[in-house]
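J.: Required output: the full structure, derived from the provided sequences and hints.
Protein chains in written order, with numbering that gives the first Met the number 0: chain A, 0 to 254; chain B, 0 to 274.
Check the hints yourself; a few may be wrong.
Claimed, not checked - Derived Cβ-Cβ restraints for the label pairs, each shown as a range:
#1 B/LYS167 <-> A/THR237: 28 to 36 Å
#2 A/THR237 <-> B/LYS204: 43 to 51 Å
#3 B/ARG86 <-> A/ASP10: 49 to 57 Å
#4 B/LEU43 <-> A/GLN37: 32 to 40 Å
#5 A/ASP166 <-> B/ASP133: 39 to 47 Å
#6 A/TYR141 <-> B/LYS167: 36 to 44 Å
#7 B/LEU43 <-> A/MET0: 44 to 52 Å
#8 B/TYR69 <-> A/HIS131: 50 to 58 Å
#9 B/LEU43 <-> A/PRO250: 27 to 35 Å
#10 B/THR4 <-> A/GLN4: 50 to 58 Å
#11 A/TYR160 <-> B/TYR69: 55 to 63 Å
#12 A/THR30 <-> B/ARG86: 35 to 43 Å
#13 A/PRO57 <-> B/THR4: 28 to 36 Å
#14 B/LYS167 <-> A/GLN140: 20 to 28 Å
Stated by the list, open to error - Calculated cross-link-like contacts (lysine to any residue; reagent style SDA-like; alpha-carbon spacing at most 20 Å):
#15 B/LYS159 <-> B/ASP175
#16 B/LYS167 <-> A/LYS81
#17 B/LYS167 <-> A/GLU133
#18 B/LYS248 <-> B/GLU106
#19 A/LYS135 <-> A/ILE164
#20 A/LYS135 <-> B/GLY165
#21 B/LYS167 <-> A/THR150
#22 A/LYS199 <-> A/ALA156
#23 B/LYS135 <-> B/VAL253
#24 A/LYS135 <-> B/LYS167
#25 B/LYS33 <-> B/CYS6
#26 A/LYS81 <-> B/GLU106
#27 B/LYS167 <-> A/TYR134
#28 A/LYS135 <-> A/TYR103
#29 B/LYS167 <-> A/GLU214
#30 A/LYS199 <-> A/THR150
#31 B/LYS135 <-> B/ASP175
#32 B/LYS96 <-> B/ILE230
#33 B/LYS167 <-> A/GLU132
#34 B/LYS159 <-> A/TYR103
#35 B/LYS167 <-> A/VAL127
#36 B/LYS159 <-> A/LEU101
#37 B/LYS167 <-> A/GLY104
#38 B/LYS167 <-> A/ASN1
#39 A/LYS12 <-> A/GLU214
#40 B/LYS100 <-> B/LYS159
These aren't lab readings, by the way, just hints derived from the structure by calculation. We put the CB at the ideal spot given by N, CA and C, even for glycine.
Here is what each chain is made of, one letter per residue.
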Amino acid sequence: MNRIQAKLQEDKKLLSIYFTAGYPNLNDTVTTIENLEQNGVDMIEIGLPFSDPLADGPTIQASSTQALHNGMTSTVLFDQLKDIRKTVSIPLILMGYFNPMLQYGVEAFCKKCQEVGIDGLIIPDLPVEVYHEEYKAIFEQYGLLNVFLITPQTSEARIRYMDSISDGFIYMVSSASTTGSQSGFGNEQTDYFKRIADLKLTNPQVIGFGISDYETFSQATQYAKGAIIGSAFINYVTAHGVDDLGAFTTPLLNS
Amino acid sequence: MATATVCALAGLECIVYMGEIDIARQAPNVARMKMLGAEVRPALSGSRTLKDATNEAIRDWINNPVDTHYIIGSAVGPHPYPDMVARFQSVVSEETKWQLKEVEGRENPDYVVACVGGGSNAAGAYYHYLNEPDVKLIAVEAAGKGIYTGESAATSVLGKEGVIHGSKTLLMQTTDGQITEPYSISAGLDYPGVGPMHAHLYETKRAEFISVTDDEAMTAGLELSQLEGIIPAIETSHALAIFEDKKFKPEDVVVISLSGRGDKDLNTYIDYFKL
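T.: Right under this line is the structure:
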């Protein structure tokens, strides 16, 4: 069983953290992952930086620009992660835009993901139909789960289509937004969380975009299996670096 | 401009994203859009030109999908936008056909020449000739300060297949797949890719691609002004510049898409020629 699938079967709400690989410093990637696991995080999204991250707000844009400036590339990231499975056992998901993967070669990229121990991919600009027709077989060959994003505007038919070709979780974007643009959830969002929960999908849902603290994390996980924090974590490491991550994760896990 | 005009007529709120560099170098267009009631927001990231303005417009749309329509004038971005833009612009080749019939007694020229950034005017100028193999299509790209100077937008030479703004096309990029910041003296040609239709015309050799430098374009723009009394947009000046080197037969009928007026570019002409 894939590590993501095993984690999703645990009887708990999952805290997942996104960070940009190579940020704040090029060689912070492995330290960040190890410290997140030691501090009780359930799952990690490793952001492969891209020059033009359309789905991201200013915080992750800035971290991506800095990471690229630091020298991060697909090749550097795979090299940094080559021994990660000696020290880390939680699920690792690579999140990035499609063009760097296309240039690396989609199959070569997937093969490398499997070699270093990546469990899944999140690619906001790869449409589900294109994935289904052209890449699903390759992803499966290398044991990778692909995670699709839905928003409040995604039709039920499309959600059910994604559900039918997913084997991990559905990534629920909390509202129609880029990353980091929310503070707190209103009725409109909780209605949407309920509506999706009531669809009784095969795949559990994990909510992301706009989760920044204990309050939003616990609101989101009332309706979903877990939640993902990205921009708020990037802001934390921008201010404090990656050596002491407990100060960020403890309030989320122990409240 | 077109969007701001239509929004004024229809009473709709209009927000235009424009690269900070382009706001400065096309100030008259910005003033016109403001007079029409549009809010012009500068794109401050990347090269602060067309690519970055497109990023910001798409992000705005992601954040406001219910009450906002996304509109783009370039033949780029996700389907069906390039197709829609090409159809709207196709009026150019439709009119070319009947005007040419009046003037030359034939609907089809030997050549159609158009400048290509994202590719909207070229898409329109070619549209009704795409399936007329006797009509040769010439696409003129911006070589900036020279194709290999690192300050260029000559996508057909420097680009390879990639994904930007939701479409797969020819794209200027690093070996790692990061998008390269383009450069051209002309705001409309300053894009690191071409629309997917143009990538197809290039790959299938249906269109011949020629690159023209800033200097060649500016000289051609001045020449048209002095010979014909038409001050062209700097985008258009690129298309005009091919007549320096490209040889035609005296009897050839060559249609050139005069895609824009130079009013918006006067600041750049003034700075360049010290007018």
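J.: For each hint, tell me whether it holds in the structure or not.
T.: Against the structure, the hints come out as follows:
no.	hint	in the structure
1	B/LYS167 <-> A/THR237: 28 to 36 Å	holds, 34 Å
2	A/THR237 <-> B/LYS204: 43 to 51 Å	holds, 50 Å
3	B/ARG86 <-> A/ASP10: 49 to 57 Å	holds, 55 Å
4	B/LEU43 <-> A/GLN37: 32 to 40 Å	holds, 38 Å
5	A/ASP166 <-> B/ASP133: 39 to 47 Å	violated, 54 Å
6	A/TYR141 <-> B/LYS167: 36 to 44 Å	violated, 22 Å
7	B/LEU43 <-> A/MET0: 44 to 52 Å	holds, 46 Å
8	B/TYR69 <-> A/HIS131: 50 to 58 Å	violated, 25 Å
9	B/LEU43 <-> A/PRO250: 27 to 35 Å	holds, 34 Å
10	B/THR4 <-> A/GLN4: 50 to 58 Å	holds, 54 Å
11	A/TYR160 <-> B/TYR69: 55 to 63 Å	violated, 24 Å
12	A/THR30 <-> B/ARG86: 35 to 43 Å	violated, 53 Å
13	A/PRO57 <-> B/THR4: 28 to 36 Å	holds, 31 Å
14	B/LYS167 <-> A/GLN140: 20 to 28 Å	holds, 22 Å
15	B/LYS159 <-> B/ASP175	holds, 12 Å
16	B/LYS167 <-> A/LYS81	violated, 31 Å
17	B/LYS167 <-> A/GLU133	holds, 14 Å
18	B/LYS248 <-> B/GLU106	holds, 19 Å
19	A/LYS135 <-> A/ILE164	holds, 9 Å
20	A/LYS135 <-> B/GLY165	holds, 19 Å
21	B/LYS167 <-> A/THR150	violated, 24 Å
22	A/LYS199 <-> A/ALA156	holds, 13 Å
23	B/LYS135 <-> B/VAL253	holds, 9 Å
24	A/LYS135 <-> B/LYS167	holds, 18 Å
25	B/LYS33 <-> B/CYS6	holds, 12 Å
26	A/LYS81 <-> B/GLU106	violated, 63 Å
27	B/LYS167 <-> A/TYR134	holds, 15 Å
28	A/LYS135 <-> A/TYR103	holds, 17 Å
29	B/LYS167 <-> A/GLU214	violated, 40 Å
30	A/LYS199 <-> A/THR150	holds, 17 Å
31	B/LYS135 <-> B/ASP175	violated, 36 Å
32	B/LYS96 <-> B/ILE230	violated, 24 Å
33	B/LYS167 <-> A/GLU132	holds, 15 Å
34	B/LYS159 <-> A/TYR103	holds, 13 Å
35	B/LYS167 <-> A/VAL127	holds, 15 Å
36	B/LYS159 <-> A/LEU101	holds, 11 Å
37	B/LYS167 <-> A/GLY104	holds, 15 Å
38	B/LYS167 <-> A/ASN1	violated, 31 Å
39	A/LYS12 <-> A/GLU214	holds, 14 Å
40	B/LYS100 <-> B/LYS159	violated, 39 Å
The structure fails hints 5, 6, 8, 11, 12, 16, 21, 26, 29, 31, 32, 38 and 40 (numbered hints given earlier, in ascending order).
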